[in-house]
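With the hints as constraints, model all of the structure from the sequences given.
Protein chains: 2
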Amino acid sequence: MTDWRDQLRVVLVASRNPLNIGAAARAMSNFGFKQLRVVNPYDVAFREARSAVGASAVMAAAQEYQSVGDAVTDCSLVVSTTALGHRGLQHPLRRLEYGGRLLRKHLAEAPAAILFGSEKFGLANDDLSYCNWLMRIPTREEHGSMNLGQSVAVALYELIRNPRAPQAHPKPVRAAKGDQLERLTELLREALEESGYVNPRISESTGQKLRRMVRRESLTSRDADVWLGMFRQVLWKLHNK
Amino acid sequence: MTDWRDQLRVVLVASRNPLNIGAAARAMSNFGFKQLRVVNPYDVAFREARSAVGASAVMAAAQEYQSVGDAVTDCSLVVSTTALGHRGLQHPLRRLEYGGRLLRKHLAEAPAAILFGSEKFGLANDDLSYCNWLMRIPTREEHGSMNLGQSVAVALYELIRNPRAPQAHPKPVRAAKGDQLERLTELLREALEESGYVNPRISESTGQKLRRMVRRESLTSRDADVWLGMFRQVLWKLHNK
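Residue numbers (my numbering), protein chains in the order written: chain A, 1 to 241; chain B, 1 to 241.
Simulated from the structure, these hints should not be mistaken for lab results. Bear in mind the structure is a predicted one, so any value in this text is a computation, not a measurement. Among the hints, erroneous ones may be present.
To be verified - Listed next, the in silico SDA-like pairs over lysine to any residue satisfying Cα-Cα at most 20 Å (straight line):
{"#": "1", "chain 1": "A", "residue 1": "K105", "chain 2": "A", "residue 2": "D6"}
{"#": "2", "chain 1": "B", "residue 1": "K120", "chain 2": "A", "residue 2": "A52"}
{"#": "3", "chain 1": "A", "residue 1": "K177", "chain 2": "B", "residue 2": "S56"}
{"#": "4", "chain 1": "A", "residue 1": "K34", "chain 2": "B", "residue 2": "E141"}
{"#": "5", "chain 1": "A", "residue 1": "K34", "chain 2": "B", "residue 2": "P138"}
{"#": "6", "chain 1": "A", "residue 1": "K120", "chain 2": "B", "residue 2": "S56"}
{"#": "7", "chain 1": "B", "residue 1": "K120", "chain 2": "A", "residue 2": "L19"}
{"#": "8", "chain 1": "A", "residue 1": "K34", "chain 2": "B", "residue 2": "K120"}
{"#": "9", "chain 1": "B", "residue 1": "K34", "chain 2": "A", "residue 2": "R140"}
{"#": "10", "chain 1": "A", "residue 1": "K105", "chain 2": "B", "residue 2": "R164"}
{"#": "11", "chain 1": "A", "residue 1": "K105", "chain 2": "B", "residue 2": "H143"}
{"#": "12", "chain 1": "A", "residue 1": "K237", "chain 2": "A", "residue 2": "E186"}
{"#": "13", "chain 1": "B", "residue 1": "K34", "chain 2": "A", "residue 2": "G144"}
Said to hold, decoys possible - Beta-carbon label-pair distances, calculated as ranges:
{"#": "14", "chain 1": "B", "residue 1": "A57", "chain 2": "A", "residue 2": "E193", "range": "49 to 59 Å"}
{"#": "15", "chain 1": "A", "residue 1": "G144", "chain 2": "B", "residue 2": "N240", "range": "42 to 52 Å"}
{"#": "16", "chain 1": "A", "residue 1": "D74", "chain 2": "B", "residue 2": "D179", "range": "33 to 43 Å"}
All residues carry an ideal CB built from backbone N, CA and C; glycine is no exception.
Structural data, given as structure tokens:
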């Protein structure tokens, strides 16, 4: 079965800066997208980006096109990200959180393209005319324009992020067990009594305070063992001084 | 009231590349975060980034520290992003989708820091010892390491993204009304009859097909007007040929 990510074509239009083309390719590689298409890049920029040390497989496989129309012929959905400036256009404008969801749904069934304009001029109206709708990354109005490589990274992250991730990835560390915490509380109280910090007459309520304090720490099992070792050593020293 | 975003300190540790420091500052400005702290930057890199043309207010206000400890003294929560490599450490490791939610909850009440390591070496174990837990941006295992500016952008986007955005931002375009669509269907049928495309004998069922086709298009009101104008012109020409 095809990975849905292989259905996405990331299309960079008239990019001027080899670092940005390389950065876009890197974010694609990080997030598992492969199909990079470059429309009318400044030739030098494209060649530099391709030959850069550490250029990813994505960059090496990038394809060059003469026009946006040529680059999206196999796509049944074309969207682009835009800064706030394009409100005047008659395209539906969706925030990335929602647009990303629609785009992902489409990619499960058919190819789609996401266009990114040049660093300086964005997308021309002619390029935008190929789009079904536009997505807006929710930046501040006062500083809406993002760096190209960063906007590619953010848009692709929205596609691969997993809203159910919290459930899917439990904490990889083992929490301390009750008996460890109890021994730790006990050793701590003993050490405090030995050192004169605790008045033995009120030591029961102090014991409860200590227990609550120790249990509030959400210690890992391994850390609890380390603490136990440290307090044993302190107690030994107190008894043998 | 303080904006919760002002509670976040973005801490770059030992960054070598002025472009990356500048890119981090730009993403912060895009997403509305202000407090940039730089620990032990390569001096030249920091000076260059600060004096770059178009450096944002965030960059200009960046503060320099000698150690991670100094940079996070006012923070009651310290987290860092990490590539997969740091699994051996005893820190809880959370995916960004979940860690971002916890971090944002904390920021509503108290200051917190998010650390980003150097491009080449990441964070040293000593730096990591200040962290309460780690966040992992869900990159591919085969290519986990992200560009610094891109990882800052993605982490901050996760903090400001609004899962309820779809409801909050309805389509800004007005859909065509039923009477526009009906007139359009009518004009279209007339044009098709005039031009001989439609056989008048079966024109009722054809009318229904046309209506369904027109209504499937989810036209905007403005586009419907343009289509109406075009068909009127075509009809005029057909009548006056």
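Hint by hint, here is what the structure shows:
no., hint, result
1, K105(A) to D6(A), "14 Å, holds"
2, K120(B) to A52(A), "17 Å, holds"
3, K177(A) to S56(B), "50 Å, violated"
4, K34(A) to E141(B), "15 Å, holds"
5, K34(A) to P138(B), "17 Å, holds"
6, K120(A) to S56(B), "17 Å, holds"
7, K120(B) to L19(A), "17 Å, holds"
8, K34(A) to K120(B), "25 Å, violated"
9, K34(B) to R140(A), "12 Å, holds"
10, K105(A) to R164(B), "18 Å, holds"
11, K105(A) to H143(B), "25 Å, violated"
12, K237(A) to E186(A), "17 Å, holds"
13, K34(B) to G144(A), "15 Å, holds"
14, A57(B) to E193(A): 49 to 59 Å, "56 Å, holds"
15, G144(A) to N240(B): 42 to 52 Å, "50 Å, holds"
16, D74(A) to D179(B): 33 to 43 Å, "38 Å, holds"
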